[in-house]
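Novice: So you can see what is in the structure, the chains are spelled out below.
Protein chains: 2
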Amino acid sequence: MAEKNRLDPRLASDSLLAGQMANCDIRLMRDARFFWLLLIPHEQTDDEIHNLPSQRQAEIWQLAGALAARIKAELAADRVNLAAIGNIVRQLHLHIVARHEGDAAWPGPVWGRGQAEEPSDALLADRLAMAQRLLADCG
Amino acid sequence: MAEKNRLDPRLASDSLLAGQMANCDIRLMRDARFFWLLLIPHEQTDDEIHNLPSQRQAEIWQLAGALAARIKAELAADRVNLAAIGNIVRQLHLHIVARHEGDAAWPGPVWGRGQAEEPSDALLADRLAMAQRLLADCG
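Chains as they are written, first to last, in my numbering: chain A, 1 to 139; chain B, 140 to 278.
Derived from the structure by calculation, the hints contain no laboratory data.
Backbone N, C-alpha and C fix where the C-beta goes; we use that ideal spot for every residue, glycine too.
A portion of the hints provided could be inaccurate.
[What the hints assert, rightly or not] In silico contact screen, one side only, chain A against chain B (beta carbon under 10 Å); selected entries:
| # | residue |
| --- | --- |
| 1 | His42 |
| 2 | Trp106 |
| 3 | Trp111 |
| 4 | Gly114 |
| 5 | Gln115 |
| 6 | Pro119 |
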């Protein structure tokens, strides 16, 4: 699967490509604490989602919502947090994070809380397979 | 302006009604540190946005995006953070927060950071007027 050329170095090191859909890369964060996806539009812009054409905004939020619904069901998540922040990494990306009561940041947000924990190879493989299954379900 | 009957007590005490649009209440957070709006769909559900009908999800995100774009322009914000979290307050609500480099939580997220600072009456009045102007622009 070809990755797009331009990817912020921090996004590249913090996450792995899991798939592509609706002209977005879907990446899995390397953090054992959470099942955490990034949705990175192929526009590869530092601008914010609200400045994309309205049809494109709708497409991206629709994909985010579909993934969130699948994540909630598959992982029995108590909540799925959706966000566009980008205060540190400016390249446009959305966060989709499965949250469980009592998880490492609960009930706070995951952003800027503690340090990411490197997942084992087995956990990473499991999560990548899960992400790819969720994407296939949304296709 | 009639408020809807059911509003989570924490949302009620932390924010003020600024207006209504697209079958959502728009509320202003009582926090001097940030220009921070809540968008509360009239569905008055504890469920998450991704479980609303897809047309309704699109309508809500469209309103959020339009408000974010106006906020960015009017307040010369460096970034506008958009999020659906709801780990603590379960009633469905979206956050739209104007962020400026060097603000009280920068570059972290605003959720769960420090304590809200009660705005002066003058600041609250200014911000309510601003929120109402932004809503009118989006109408």
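Novice: Find the hints from earlier in the document that the structure breaks and name them by number, from lowest to highest.
Specialist: Going through the list in order, the structure violates hints 1, 4, 5 and 6 and respects the others.
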